[in-house]
Every structure is written in C-alpha cells, then in structure tokens.
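Undergrad: One letter stands for each residue in the lines below.
2 protein chains.
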Amino acid sequence: MAGKRFKVTFEPEGKSVYVLGGTTIYEASGEAGIIIKAECGGIGVCGNCIVNIIRGDYEQKGSERFLTEEEIKKGSVLACRTRIKSDTVVEIPILSRLFDQKILTEGIEKELRLSPNVQKLFIKVEEPTLEDQRSDLDRLRDALKPIVSDPRISVDVLRRLPENLRKGNYGATIVLNEDEIIGIETGNKSDKNYGAAFDIGTTTVVGYLLDLNTGKQLGVAARTNPQTSFGDDVISRIHYANTNTDGLNNLHERIVSCLNDIINELADNTGIEKKFIYEITTTGNTTMNHLFLKLNPKYLALHPYVGVLRSDIDAFARELGVHINQHGKVYSMPNIASFVGGDTVAVILASEIHKSDKFRFAIDIGTNGELVMGNRERLIACSTAAGPAFEGARITFGMRASDGAIEKVLINKNDIEINTIGNVKAAGLCGTGLIDSIAELIKNGIINKNGKMLKKEELSSHVPDIIRERIISHDRYGTSFILIPGSDSKTQEDILLTQKDVRETQLAKGAIYAGYQILKAILGVTDEDIEDILLAGAFGNYIRREQAKWIGLLPDIPSEKIKFIGNAAGAGAKMVLLAKELRKEACDISINTEYIELAARNDFQKVFTDSMFFPECLAYK
Amino acid sequence: MAGKRFKVTFEPEGKSVYVLGGTTIYEASGEAGIIIKAECGGIGVCGNCIVNIIRGDYEQKGSERFLTEEEIKKGSVLACRTRIKSDTVVEIPILSRLFDQKILTEGIEKELRLSPNVQKLFIKVEEPTLEDQRSDLDRLRDALKPIVSDPRISVDVLRRLPENLRKGNYGATIVLNEDEIIGIETGNKSDKNYGAAFDIGTTTVVGYLLDLNTGKQLGVAARTNPQTSFGDDVISRIHYANTNTDGLNNLHERIVSCLNDIINELADNTGIEKKFIYEITTTGNTTMNHLFLKLNPKYLALHPYVGVLRSDIDAFARELGVHINQHGKVYSMPNIASFVGGDTVAVILASEIHKSDKFRFAIDIGTNGELVMGNRERLIACSTAAGPAFEGARITFGMRASDGAIEKVLINKNDIEINTIGNVKAAGLCGTGLIDSIAELIKNGIINKNGKMLKKEELSSHVPDIIRERIISHDRYGTSFILIPGSDSKTQEDILLTQKDVRETQLAKGAIYAGYQILKAILGVTDEDIEDILLAGAFGNYIRREQAKWIGLLPDIPSEKIKFIGNAAGAGAKMVLLAKELRKEACDISINTEYIELAARNDFQKVFTDSMFFPECLAYK
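Top line first, the protein sequences correspond to chains R and H.
Using this note's numbering, read the first sequence as starting at 2 and increasing by one per residue.
Using this note's numbering, read the second sequence as starting at 2 and increasing by one per residue.
A few of these clues could be false.
Copies of one chain are not kept apart here, so a pair can be met inside one copy or by any two copies together.
Each computed BS3-like pair below joins lysine-lysine, with the alpha-carbon atoms no more than 27 Å apart [claimed, not checked]: (1) K125 to K299; (2) K168 to K299; (3) K86 to K581; (4) K581 to K146; (5) K426 to K125; (6) K299 to K190; (7) K585 to K146; (8) K276 to K86; (9) K86 to K38.
Because the hints were derived from the structure by calculation, they are not lab data.
Remember, it's a predicted structure, so these values are computed and weren't measured experimentally.
Just need the whole structure built from these sequences, with the hints factored in.
TA: Listed below in structure tokens is the structure:
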C-alpha cells in the first residue's frame, strides 16, 4: 500500500489531492485546504472529525468510540482514524469543518452573527403626486427610515436615483454601506451582494469570494505575490521601494493588479459580475499593508522602526485601483506593530486566543513566522525572521505548495518514497517536503546535529547504498542529496536538497523555536501550561507534526496539542467582512496585544543559537 | 447740483460709484454693494447708519438727533440724512454695516459664533524612539486627542504624513474638516485657512472669499452665469438639458468653470493660493443646485414637478471639478421645494425671519422672484415667474448692473437726466434704470394704465417737446422711447425703452405683487400686520423705493418699512461657511417653510391680472 499514490476527492467542493497510500483522511483534507475540526489534534479522542466515505477502500480503527456500527457501515468514520487504500471520494459535513462552519454558516456558532457592512434592500417608494412633491431623495430616505435614519449619499450615486427609480416603477435596489447609500440599482437585485476577503502574504496572496447575504464562501483563489520579483522578504521590498524611482508605486501597482487578477478569477469561476462585489477586506503584515495602501514603508526599516499606520483604515476601492463596484470600499485590518501585522490580528481573532482562559500559542508560518502567546489577560506577539524557506523561497529547488511540489518524503531502508502534489512529475520542493527530507536525512545519519550534510566518505558504513549513492558533490551547490534523479541525457536536472537549504531551514526553525522559548519566559509559563499550539498559514496546514517536532521546528509536546487552523489570517479577514462588529474587536486586539522585539533582547542570541541544532541521529552510531 | 455726477468712494474697501448730485450716502452705499444698517429703512429715526465723511461737500439734515455737534463737525453723519454735493470719500464703520457686521466679525453678534467646518492646527508630535514605536498616525491622533477623538483620514492624505512630519521636525499643520483630517502640510501654515461662499443665480453668480480663522471677507467677485447662453430662465435650461445630448453635462461644466473663474479671480486679487481654500458653500435655486451637482433636473419641470434633491449635501470639490484644495469639500445648501431653492433658505437664515415674532415679508428678486412671508410660527414661500427683466435680460437694451448701465432716469420738464454706473458712456439699461424710466414715463403720460406706450400723436398736447421728440416708431421694436440718442452717423445706435420692455416689466411686477397679495391672504394678514419688507438680491440693493411703489412693484406701505438687505442669499452662504451649526438651522428652515404653488391656486389668475396695471397719470389730464 505504501508508496502507491491515490486520488482523494472531497465533496461538496469536488477538490482532489494525491496522497501516498496510508495517509489519513484528516491529513489529506489538510492538503486539500479543507480544515476539519479536531479539538484533540487528530488522535481519535474528541470525535469531531466525522466524515462520510462515498467511494473507495480504507482502513479505519477507532471510529467505534463515537459512531454506531450501522453508521460506520454506511461509511461514516473519524477522518483522523481512517487511512486511504485506494482512490477515494469523501464528503465532509459542515459540522465537521472548522472555519467553514464558524464563518460560513449563520447561526451555528452564536458568536458570529452575520452582519456585513453592506446590505442590499429592494425599496418601493411612494409615487410623487401634486399633493406629495417630496424630492426623490427625501422619498427614498423616508422609505429607508426603519432601517437607517438619514443615510448619507454621494452626489455621484444620487445622480442615478431619478432614472433608476422611474425605470423600476418607483422601486429600486439600494446598497447600504453602514449609513451611506453607495448604490442604487434598477429592479430587485438584493440577492446579488458579494464581498471578498484577502490575505496578502509576502509570498502568497489568497482571496475568498463570499456571499454577504448568506455568509457562504463561493470561491477561493491564490497567486504568488508578484512583488516577489522585487525581493522575497519584507526588508528587500522596503529597500526596493526606497532606492528606486517609482519603487513604491511599482510595488503598489503589482499587488493591486494581483488582487484584481484574483477578483477576475473568482468572478469568472462563479459567474458573478464584479459590480456586485461591494467590499473587500484585507489583511497582511504591516509592510504588505503599507505597500497595498501605497504608504511609504521606509521608516519601518529605519531606526526606531515606526510605520505610518497601525490602525485599520477604510478606503475607496476606486482610489486604490481595485476593480469591484465603483463605489465599493476597502477595509484594511489593523496591525499590531511594525513587524507584526494585521494577519496576526486576524489569526488571533479567528482562533479566539484573546478570549481563552488558558495559555495558547499560535504560529503563523509564512515568509516570516509570527508568534502569539497568551490568554484573555495578556497577549504577546513577536515576529521571527523565519525567512521564506517554508514557502519554497531561498530553497535551491524550492517552490510553492502547488502541483508538482514534493510534499512528502519517506526514506525506508531500501526505498525512497516521494509524493508530489497533484500526483504529477516533480518540479521542486515545498515546505512539507523540505521538512520531511531534512527529518529523514537526520534519521538516516546524513545530516548531523549541527546541520552539516555529510559527504559520502564521512557517512557511517551502515548507511544503505541506495541512500549513499544519492549524495553528490555538486559543482555549484556543494554537498547535496538527490531527491529526484534527472534524466541520463541531462535534459532534466536532478532535484536536490542542498547544504544551503539545510542552513536556511535551520535559521527558520531556530528563529521560531527561540521565539517560543522567549515568549514562555516572558509569560513565566512552561510547556505544560500551554493548552495548545495552533499552526496557521498555508504551510502550517500541510505540516506533519512528528517530523516538525523531530527537526525542532515545533516543541516536543504531545501531538494532540498541536492543531492545524489553516489560513487563519484569511479566516479573520473573512470574519470582519461578514460581521462588522468584529472590526471593533480586531482593533481591540491590535491595541492590546503587546509586541516584543526579539532581536532587542539580551537573551535572544543565545536561545537562537541553541535552537538551531538538530537532534542527534543514533541509528548508525 | 442735480444732474451733475460725483464719485463716491467707500473706505476701507476703496470701492467707488458715480451718482447724481443730491443722492444720499445711504443710497450710494447700496449701489456700491455695501449694506448699511438702517432699521428704520433710511428715514432718519433709528440712528444706525452713522458714517464718517473723510473728504467732500455734502448737505446733512437730521444727524443732530443721534450725534453731538462736535461729532458732526468731524464728519460723522447719518448716511440716510446726508446728500452728496461733490466727489466724496466716506468711511463706513463696521458697527454700521449690516451683514458685514453680523457675518464677518466674531463676537459682535452673539448668534454667530465663528465655527467653520475647517480648522487648521499646528501640531507637534512626540519623536519616535525604540521605547515609543507608535505609528505616525497613532502619534498624530494622540496629539490631536484634546481637539478631536479618533479622526478619520483618507489613504491619500495619510500618504503625506511620514515625510511631512519629518520635514518639520515632527511638527506639521493639520487640516481638520469636522472629524476628518483632510490635509497635512509642512511647517506652520495654520494662518492660511480660507473658504468661499457662492450664490449661484440663474443670471448672476457671486463668490465671496473668506478667512475662516477670522471670519473676514477678503474679496468678492461676480460673473454672468455662462449657462445663460442655453436659456435665460430655469425652464429653458431644463429644456436644454433634456433635449440635447450631453446637455446636462454642458450646463454642469459651464457653471463649474464659472465658479473656478471666480475662484481664480478671488485668489489673484488677494494673493491667496487656491490650495489653501478648503471648503466652498453654495446656494441657488433648486434648478441651479441640480445643474451644479449634475443632478438631472428633468422631473422638476414635468408633472408632478419633483426634484432629485431637496436636502443639503456634502461633496468632494474634486468630484465636481471645483479647483480648490484637492481634498476640499463642497457644501450645497438645502432647498425648500422644486421652485424655491437654497437661495431662499439662505435669505431666511440671513434675515432671521424664522425667528421673528412679527410677520415679515422678503422678496429676493433675481431671475425669478422668490417671496417669503411669515414669522417664527409659520413661514410660507413661493416663486413668481418674475422673469429676468430686472437683471436686464429680455429687455431690448437690458444689461446687468455693471459699468455703463443706466441706473437712474429723471425726467424734468425741460430735461432728461440719466446716470450710468461707473459714470461712463451708457451701454444699456439695468433694473433700476428700467423701473425709473417706466415710472417717469408713466408720470409724464407716455405710458398709460394698461402699460401701453402712446404714440406721438396719441399724447396729450401738454407733453413738452423735449420728451415728445424722443418717442419714435421703430422699424423693429415698434413704439419706443429714446433714452440715449445714438450718433447722427448711426455708428452708435439709440438706447431705447421699447413697448416690449414695458410688457416684460408688467409681467414681472404683476407676478411679485400678486404673490404678495396671495401670501397675505393665506396668512390672513393685512399690509398693516407686515413689520417690514426686505428687499434681497443684487437688484433689490439698488432699487428706489418710491419709484418701485409708483409702478406697483412694491406695495404702497411706508418707505421706512422697506429695507434693503443686499445679497442675503450670499450672506446665508457665508454664514453656513463660517458657522457650521447654522447648517442644521438651514435644514430646519428648509423643512419647515411651506411651499405654495401660485399657479395652482384658483385665485391667482385674477390677482395677477389686477396686479399688472400701472397707476393712472393725472398730470396732463
């Protein structure tokens, strides 16, 4: 079974992923970007992750604890206790979904009352007569009185009122954004009310299209942030902005056109007209937010490192060049500090750490690693220079977790098993593949405690030939491990894990781990006090906990305490789109979360250095 | 003395007018557009109109009642009791000014606290340090906290914050419009805070430039409304808008460019940069307001005659194309009904009829004649189709009251005395000249009760030759009276008063007088109940009461009850610019003033017909 790849399709989305045989449905769903609820972290003890297998062979152990024999016979199983044995079709019920359930369904979770900023209403006004010569606007305002008193209106929108009222026999659809009329449409179009939420990452931009009337998610689309060509981290982008004429403008236009591309894709895929998208919400790190708003990020990178904007801000989509309804708005979420942004606010908002009695720890691994630890009393956040390694950047054959990315590596005595996303020919290495390959090479004695990749001649004689022969000394990259051999004709290159890749990973995992240690020290807590560790971010979604613990990226605490919360930043952006009162809550989080500058602390350098080591391989000693 | 013209210069403005000898200073000041306070209406009994003669011969009778002998010796006199005998320079103290005093001076009139919407403040913020990494905007908001809590800011303005703060060593000038930061300027520019108020008349547009810090008026400029080439009254403009492609757009662009021309002129004359003008307020009739805002006026002219907008509205100067500060705003005053606009609201606001215990009557004679009657309990307004006769339109040789306009006509037995504005060669006939010439021709038996201009052969034999020979039968205009003979060589045409001009005037004065009768009837009051009649509008300013009563434009009530209040519509626009709380008051006036549609009343036609007659000339019977 192991070594063979199977296609798993999730319903009702119809989304498919290819995984190695033996993978759990829980794990596979994570790869598909669908976050199943599992309070226990996927160890079979909470009973949250019930799914229905529609087709396919599988092996399940432990569903009996929560399901009747009959239910199991019909295909209901715990996703975390069920392993794939063939191509499979699985339905994930709404009750088993984490954010989908919280965000996209009204009423199931009490705390998210659907209350978007934008409301559409079909309004009939009284027809004018000689006895009732109220102006068109007075007529409309009077009709709207039960909903909003004395709404504002721009001249531009008002200009459409007389014709649109008369075309519809004195009925028209009114678009309200808070207390402002931002649209007047002919006839009854109150059902066409859409918004989009964006997580603007340094490397990846994700957009979600939502129905503001139902809260339903209609589509999701992702793109590589096109600013990447100007530098792969925030500092290099700021540098570019400051040292090039029109640098800021270029970066701004790139990200805006990326959002527009995503909007186009979402609109095309769903058949929705862009003019019916009335609001977008955005979140991202502070630099990304500055660049999106075309605010000069210069002083973020200059002592004493202050931004132009910490708070949230409303803007007109038009003035930013975002192509939605011409009177549409943009809401940019508040930031915490210069290097902990709105994305972290969104993670806190979505994961509700700020409401927790117990201490919790969240890691949002993107191009930087933002860490948050605390509870309802106190929240501390910091940013680690984790680098974009886990997003594939700065890794020799790195790539984003998309089709062709090596996402899983298993080294057995006589075999090296590799799985790629989409089950297509390998094109590179994504974050999980990177962790897997390093973990496997440590376990097999090829990478030592210091992160050095041993040359062939330095290896223990017990290392099997099948592994040994993959180690080469590359002209350009030095000592490297061949993950996928190229063609003999050299028309296709080897796909390698290089010494440099290991160093990048060490820096990243060391920074995150050191941050964890320091946050604990500040709060005076130990591993045992931490209720759970929440892994957010596109990458966190795919991570394999045991491997991550093995290389020292995650602390060695019980795996059931380590939970995947998916793109929680995106979830936060969706929440403030769907529930306006959460904007106030986001602002409170933004103000009340303490920011810690790790590099400014005396203890940091030592903790960081200590955190860079790998475990020792004892297998061949 | 009579017949000779003298130059009267008013200080501190330095404004001059040319008047016939024997004219009172009170009358001359009105021609200069300076409204002197005179509660008694200029009959020497209130003592308000004290002025100081700096140079010139004059004859005064009656100042003793309010001034000491010594004061009179020094040149202090009552303006209404003093007649010009030579070129004269007169200073009008601020206490003797009507609107200037009320509007332009803080504290003298308690009810007008200077409280413009726009405030400028030089703000020093704390310099950032590693210990204080607040964002630039947080820093600014904290510094502004004593003035405004949590001000809004647009992204565009925010973009300037970091550089402007640092250029000024963490000090900058903040421009606040209510709770929004609309500007951030380097250094301390808090003294440069300007606004402009506009009265957009159908025929004439007047703009005032004001210092928002002091309330002082810095300049005034007027232009003919360039929409006039598309029709001289509101109905023809609406017709043009509806029957021409781009008609509305053309009208809109014309009026906006007129405002921009006036702004340029005001800026040039005062040396003020337009970027320091942050707000304009506008008033006008409902159609003018629609056209300025580019709101379709179509339904104003179609049964049942409703407008798009009655209420006030805020707009961005930018979106209307008005060239002031790029983040400047436009406040358009509220209207009363489809044919009684914001200009009437402004007249009421400025004249305070809405606060009066007694019944008052205001006439705003522009292209239409808007009439308001009432007191604090009840206010009724109507519009009369007075036509633009008094503004010179539809009059054969009509012109606006500017240099070269015949403004006064006196017919003595052996002489015809004519005065023109600016004491230059006559170019045409303005409203006062029109009234004067008709009144004089009635008195001399040339125009009869029905408004017919008699032919030479129809005249009484007692009519002196000097008058008789001025009557001609013109090829094109029919029976006409030569006011100014042309040159013998015919290189210059005669300036005539024609039969058609008399008919236009009859219609105009008949409509106004009929409106007065009907308003009285609705309120159940008589002439005796009317405390005063307020003449507003550029024309009202110049009117000679006895002549206006003689031709039946004004009711035959004591002249002291007839008061000039100048361009009260402009005054109202200035008031809402300088005192934001008056915007609420204007809205209350707009809602509470009842609109009467004269033409819809059964009694109107008869009253109107009766009002068109002239008095009978008994001189030559």
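Undergrad: Next step is simple, just say for each hint if it's right about the structure.
TA: Going through the hints against the structure:
Taking the closest pair of Cα atoms, K125 and K299 come within 27 Å of each other only across two copies (21 Å); inside a single copy the shortest separation is 52 Å, beyond that limit. In this assembly of identical chains, K168 and K299 lie within 27 Å of each other by CA distance solely across copies; the values are 14 Å between and 52 Å within a copy. Taking identical chains as interchangeable, the C-alpha atoms of K86 and K581 are never at most 27 Å apart, the minima being 45 Å within one chain and 75 Å between chains. Taking CA atoms no more than 27 Å apart as the test, K581 paired with K146 passes in both settings, with 21 Å inside one copy and 25 Å between copies.
Taking CA atoms no more than 27 Å apart as the test, K426 paired with K125 passes in neither setting, with 59 Å inside one copy and 62 Å between copies. In this assembly of identical chains, the alpha carbons of K299 and K190 lie at most 27 Å apart only when taken from different copies (26 Å versus 45 Å within one copy). With identical chains, the CA atoms of K585 and K146 are at most 27 Å apart both within one copy (25 Å) and between copies (19 Å). In this assembly of identical chains, K276 and K86 lie within 27 Å of each other by CA distance neither inside one copy nor across copies; the values are 46 Å within and 73 Å between.
Proximity of K86 to K38 under the C-alpha cut-off of 27 Å is restricted to the intra-copy arrangement: shortest distance 23 Å within a copy versus 99 Å between copies.
The structure fails to meet hints 3, 5 and 8 from the earlier list, while all remaining hints are met.
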